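Chemist: Model the placement of chain G on the given structure of chain B, informed by the hints.
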Amino acid sequence: MKRLTKIPFIIILLLFPFYVHADELSAIQETVARQQEQIDFLSQKIKDHENEDSSKFGWNLGLFGDINYTTKSREHPHDAFYFHELSLYSAASYGDRLNFLAEIAFEHEEADIERVWIGYTVNDLLVIRAGKFHTAMGYWNKTYHHGRQLFTTVDRPFFLAFEHDGGVLPVHITGLEIEGSKAFGIGRLKYEFELGNGPEMMGGMLEPNNASDNNSSKQPVLRVSLRPSAVKGLSVGVFATNFEVDTSTKTGLDETIYGADIVYAANGFEFITEGFIFYNPDGDGIACYGQLSYTYGDWTPYARYERLEVQGTDPYFKDLPGGFDRRQTIAGLKYDIDPIRSSLKFQYRHDDATKDYDVFETQWSFHF
Amino acid sequence: MKIFKPIAALIIFLFLSISQAHAAEIAVIVNASGPLVSVSEADIADIYLGEKRFQDDIKIVPLLYPEGAAKEAFLRETVRMTQKEYKLYWTKKIFQEGTPIPKTPASPADIINTVKETEGAIGFLPKEILKDLSGIKIIMVIGIK
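Note that the protein sequences, when read in sequence, are chains B and G. When we follow the working numbering, the leftmost residue of the first sequence carries the number 1, and every step to the right adds one. When we follow the working numbering, the leftmost residue of the second sequence carries the number 1001, and every step to the right adds one.
Only chain B is shown next, with the shape it has when bound in the complex:
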């Protein structure tokens, strides 16, 4: 009998762990159910965000800017803090084929429409755009616009400066652009062709002629580039343009600029080099640069060499404030606080022309 009275006790003892676990299981199930509700809610919020109307201006809105400090240089007669510009842009798309982009730069007391275009994609071989763009003169000018957060370095190569900053190339054009690409066995071949108003010499600089043209001659630009299949990360391109421009000493000067670009980016390394040849019946010039950088984590050391050589009698270069022999050597370090949003750059620049400058520059760039 004593054994029989012990049996219920033993049964309860055996079942006790299961009773405790059943309680815990119930609590866990409740927690899982609550978390599932939260996941479903967040998933719906994400879907709602993705379904927002992407055709509206401001749907994809961004702003680039940068604050700088420089020691005395050719551009700044005293050590100075300064900001280059605020670049506001928005890109939008409507359906599968129509898209838009606008970029406005606020620089000191001016606001400039830097780019604005509407585009229609027929297929991968034909994209048509109308508006104002960067000319397809090489890799840098087509890849980098006014957002210095996307540059490895503090600024563009000096001869690729914007027209109002003393650049010697027409980096903007207003007109039509078509581009397309196709994959072949050798790699993906891309073409970019533009036809627009040629530049005008005005106030000692090349003016892009956004609102009208001062002559009936139009400027064609063509760039063809290849990304070979055999070498991942490599791109090579050739480009050319021709335009008619009135200078202070020659009316209707026929200027041709052509060149090549090579870019290699892999395993953290990036190498970019471009060469430009300027030619007109009364003179010529060459410009080139080579830039090398290596990204390790959040740090990117870099170096660049730039060179412009011109003929002193060339009527094209004589009218341009930047049209003189000049070399520049740059070495610096970029630190990504966030690679998309903000970076710090520390740069040394040796600027070698008739007067030399050793310049130390710091930049805090941002994008949001």
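Note that these hints are calculated values from the structure, not bench results. One thing to keep in mind: the hints can contain errors.
Straight-line distance between alpha carbons at most 25 Å, and here's what the computed DSS-like set of lysine-lysine pairs gives [what the hints assert, rightly or not]:
1) 1059(G) / 182(B)
2) 1092(G) / 232(B)
3) 1127(G) / 182(B)
4) 1127(G) / 1137(G)
5) 190(B) / 232(B)
6) 1093(G) / 232(B)
7) 1116(G) / 1131(G)
8) 190(B) / 1059(G)
9) 190(B) / 1092(G)
10) 1092(G) / 1137(G)
11) 1103(G) / 1087(G)
12) 1071(G) / 232(B)
13) 1084(G) / 1071(G)
14) 1137(G) / 1116(G)
15) 182(B) / 1093(G)
16) 1087(G) / 190(B)
17) 1092(G) / 1116(G)
18) 1093(G) / 1071(G)
19) 182(B) / 1092(G)
20) 1127(G) / 1071(G)
21) 1084(G) / 232(B)
22) 1131(G) / 1071(G)
23) 1087(G) / 232(B)
24) 190(B) / 1093(G)
25) 1092(G) / 1103(G)
26) 1127(G) / 1103(G)
27) 1071(G) / 1137(G)
Since we're looking at a predicted model, the values are computed, not measured.
Modeler: Then chain G, alone, in the frame of chain B:
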């Protein structure tokens, strides 16, 4: 006792074999009756770089997986970029051409449903998640290291 050691060794060997067989893999999937069923690996890279946007006049819809090991492995094998480099690439592309970055659906189920319902859709996700392959074709398998 003499037989214990060889049996233990056999069990360990079988366990390791099964573990290897179930090492994580990513499946790249497309709509089974869509135009992407025979695209090459080079085409997949061009699609995710925004260089190839149409196939047979059908808009291609590339889909991304959330940040993590699967996305890291996919980007490494196809476009040869890290997640950070890929984000930077698309930031430049949006600013340069206005091309929208590929979308990241809210869940693996959404990736699968979008691929099933959209002719030009292409996506990638851990292969173990794929239970029902109806309407879907796996065109590439990548191992997660």
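Chemist: Please go over all the hints and tell whether each is borne out by the structure.
Modeler: The hints, checked one at a time:
1. 1059(G) / 182(B): Given that 25 Å is the threshold and the Cα spacing comes to 16 Å, the pair holds.
2. 1092(G) / 232(B): 19 Å, holds
3. 1127(G) / 182(B): The given pair, whose Cα atoms are some 31 Å apart, is violated under the 25 Å limit.
4. 1127(G) / 1137(G): 12 Å, holds
5. 190(B) / 232(B): Holds, at roughly 16 Å.
6. 1093(G) / 232(B): Holds, because 19 Å separates the two Cα atoms, which is no more than 25 Å.
7. 1116(G) / 1131(G): 13 Å, holds
8. 190(B) / 1059(G): 19 Å, holds
9. 190(B) / 1092(G): The hint holds at about 18 Å.
10. 1092(G) / 1137(G): 32 Å, violated
11. 1103(G) / 1087(G): 12 Å, holds
12. 1071(G) / 232(B): Holds. Residue 1071(G) to residue 232(B) sits at ~19 Å (cutoff 25 Å).
13. 1084(G) / 1071(G): Given that 25 Å is the threshold and the Cα spacing comes to 11 Å, the pair holds.
14. 1137(G) / 1116(G): 9 Å, holds
15. 182(B) / 1093(G): 18 Å, holds
16. 1087(G) / 190(B): 23 Å, holds
17. 1092(G) / 1116(G): 31 Å, violated
18. 1093(G) / 1071(G): At roughly 19 Å apart (the allowed maximum being 25 Å), residue 1071(G) and residue 1093(G) satisfy the hint.
19. 182(B) / 1092(G): Distance ~21 Å between residue 182(B) and residue 1092(G) Cα, so the pair holds.
20. 1127(G) / 1071(G): 13 Å, holds
21. 1084(G) / 232(B): 18 Å, holds
22. 1131(G) / 1071(G): Holds, because 20 Å separates the two Cα atoms, which is no more than 25 Å.
23. 1087(G) / 232(B): 18 Å, holds
24. 190(B) / 1093(G): Answer holds: residue 190(B) to residue 1093(G) is near 15 Å, not above 25 Å.
25. 1092(G) / 1103(G): Within the cut-off at roughly 16 Å; holds.
26. 1127(G) / 1103(G): 20 Å, holds
27. 1071(G) / 1137(G): Distance of about 19 Å is within 25 Å: holds.
Consistency with the previously given hints fails for numbers 3, 10, 17, ordered from lowest to highest.
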